[in-house]
Amino acid sequence: MRATLAQASLIRHRARTILAVLGVAVAAAMLLDMVMLATGMRESFRELLLVRGFDIRLAPKGTLPFDTDATIPHVSAITAVLRGNPDVRDISAVLGGSLHIEADGRDVSAAVLGIDPKVQGDYELVAGRDVASADAIVVNEYLLRELGAKLGDTLTVATGFDAQTRTYAGQKKLVLTGIARFIYGAAEQSSAAVRRETLEAMEGQKRRDRASLFMVKVRQGANPDSVRKWIEGHIPNVTAISIATAIAQVDQRLSYFRQLAFILGAVSLFVGFLLVTTLVTVSVNERAGEIAVMRAIGVSRLHVVEQVIIEGIAISLAGALFGLGLGLITARYLNSILSEFPGLPMAIDFFLFQPRAAWSALGLLVASGIGAGIYPAWRAASLPIAESLRREAIA
Amino acid sequence: MTAPSGASVGAVRDVPTARASIVSLSDVHRDYPIGAELVHALRGVSLEVERGDYVSIVGPSGCGKSTLLNLVGVIDQPTSGTVAIAGKRVDAMTDREATSFRLHNIGFVFQRFYLMPTLSALENVELPMAEAKVSARERNARAAKLLEYVGLGARQHHRPSELSGGEQQRVAIARALANRPALMLADEPTGERDAKTGAEIIALFRQLNADGTTMIVVTHDEDLANAARRKIHMRDGRIVQE
Chain A
3 MRATLAQASL
13 IRHRARTILA
23 VLGVAVAAAM
33 LLDMVMLATG
43 MRESFRELLL
53 VRGFDIRLAP
63 KGTLPFDTDA
73 TIPHVSAITA
83 VLRGNPDVRD
93 ISAVLGGSLH
103 IEADGRDVSA
113 AVLGIDPKVQ
123 GDYELVAGRD
133 VASADAIVVN
143 EYLLRELGAK
153 LGDTLTVATG
163 FDAQTRTYAG
173 QKKLVLTGIA
183 RFIYGAAEQS
193 SAAVRRETLE
203 AMEGQKRRDR
213 ASLFMVKVRQ
223 GANPDSVRKW
233 IEGHIPNVTA
243 ISIATAIAQV
253 DQRLSYFRQL
263 AFILGAVSLF
273 VGFLLVTTLV
283 TVSVNERAGE
293 IAVMRAIGVS
303 RLHVVEQVII
313 EGIAISLAGA
323 LFGLGLGLIT
333 ARYLNSILSE
343 FPGLPMAIDF
353 FLFQPRAAWS
363 ALGLLVASGI
373 GAGIYPAWRA
383 ASLPIAESLR
393 REAIA
Chain B
6 MTAPSGASVG
16 AVRDVPTARA
26 SIVSLSDVHR
36 DYPIGAELVH
46 ALRGVSLEVE
56 RGDYVSIVGP
66 SGCGKSTLLN
76 LVGVIDQPTS
86 GTVAIAGKRV
96 DAMTDREATS
106 FRLHNIGFVF
116 QRFYLMPTLS
126 ALENVELPMA
136 EAKVSARERN
146 ARAAKLLEYV
156 GLGARQHHRP
166 SELSGGEQQR
176 VAIARALANR
186 PALMLADEPT
196 GERDAKTGAE
206 IIALFRQLNA
216 DGTTMIVVTH
226 DEDLANAARR
236 KIHMRDGRIV
246 QE
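Residue numbers (our numbering), protein chains in the order written: chain A, 3 to 397; chain B, 6 to 247.
Chain A with its partners taken away, still in its complex shape (with noise of 0.2 Å):
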């Protein structure tokens, strides 16, 4: 029956409801949209970072994957010493570079990877063959499109341009093997990739048996950060970072950003709670000779209380159900707007929907709709039942 009264209560002034349910819904698509956003990029990083199932990443001593120029040495040593660990199952070493390619008399560059296919973590193969010889090469879509070619082309590339002498390291003929989706590229970046050893051969003797990253994976069951802490006792010329590690990197440099979301977050619950406590104290007070009959006919202070608060929290629940899709949809219209960031990996999502995220953004509504209908309830149920009638009889 006090769902019922509840209910009555709300369809009673059903455009003030629905105005008030609206008024949660934003508040309640806000507070999703920060609990994405605020958990949102460190979870899609952690995922990225995991998706071909590399464990810990070595760049060069004092700096980040592909945060400068600088190059690893001795590649095969290091490779060496790595395999001497048991724990570790493979190895991916990476070289960085830029290409420059003429098509049409035109020169169009793009970053390029040289790698091992048999274990690069990389890109993903999306038609075509991967570069299964020294002559082959994969791009991504958008180089494609930028060089007008297709598959099975023979492209003229170039690598390492002296912007003094104008003039390339290395130039070689490859042919277009296959397109791929570079997995940590940006948009509307060309990429493209080549055996390490054709990237190394192009850029000449002073990138020989280098590398720009090298990528583990280590063996099921084995404790990532041991071997990251091992790799950095034995090659000293690296800096190790396992995922633990980079989110953690990650997390210090989003700091601000989860502080910012916090705060939008907790304001906009605390506007949603703000919104139902004052319509349900409006509607307590507008009601409150018809509380006083309630009351005076037997009904207790218990569930004058319990129809108040379950005004609170379905008001709080409807806009939270409404605010979920509302939060949703504006998350994906951000999401849309922020991926285009220059720099930023594609795959990054900064809105990342999570069903726990959605469950404690609506357990918050819905605790601040009972919190909403504390103060009301309190009212309701302590008025003063001779003195609300004695009121109401005058007016």
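Keep in mind the hints are simulated off the structure, nothing from the lab. If you're wondering where the values come from, they're calculated on a predicted model, not measured in any experiment. For each residue, glycine too, the CB sits at the ideal point set by N, CA and C. Some hints here could point you the wrong way.
If you want the footprint, here are the derived chain A segments under chain B, 3+ residues with CB under 8 Å [as the list claims (entries may be wrong)]:
no.	region
1	3-10
2	133-142
3	290-300
Since the structure of chain A is provided, determine the placement of chain B on it from the hints.
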């Protein structure tokens, strides 16, 4: 008007076999602090009402009629003196005890009906029964009989806005009878009603009393006051004439 069967309406079941006091007030005072001033709403009122009686309380505004009714209805407590209803002291009950007592022993009818506008007449009558944890089936059947008793058998599913003022007051009366109260209290039940509606309510109250319900009515309405068997006059917080 059709009288309900004895088993269906508590007021009928409560018909006493021997005359006994149902309301007993002894030297009751009620003071209200209003600002720095103390208002003496009741000044030593003593009153006995027997089971099956029909009492009207009249007097000028501010004479303490409604305060007296509130004390008898256990929605207020005296500053001093004792109030007993159906043999039970009610002047120092806790809120929980008073609420439960009202639910099972007292029916209220007010000038404004305070029916839930989004509930049907039947659902409004069911409300106190739901509070008393009467099963859905039983309360539905009992509410239907009560509405028939007050002459609204055909309008059970109408909402208050679809009923006239007199009909709404009848629904409020049926609601007051829902938990078969020993005592029914009415505060200006014909106030602001037209003469025809007032006459209907007076007739219904007579019928209720004839069927055994003990009634106490506070009113300015001479016709309603004269319909009662006892007429009590109040002035300045005292009973001045009966």
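Here's how the hints hold up against the structure:
no. : hint    : result
1   : 3-10    : holds (count 5)
2   : 133-142 : violated (count 0)
3   : 290-300 : holds (count 8)
The structure shown violates just one earlier hint, number 2.
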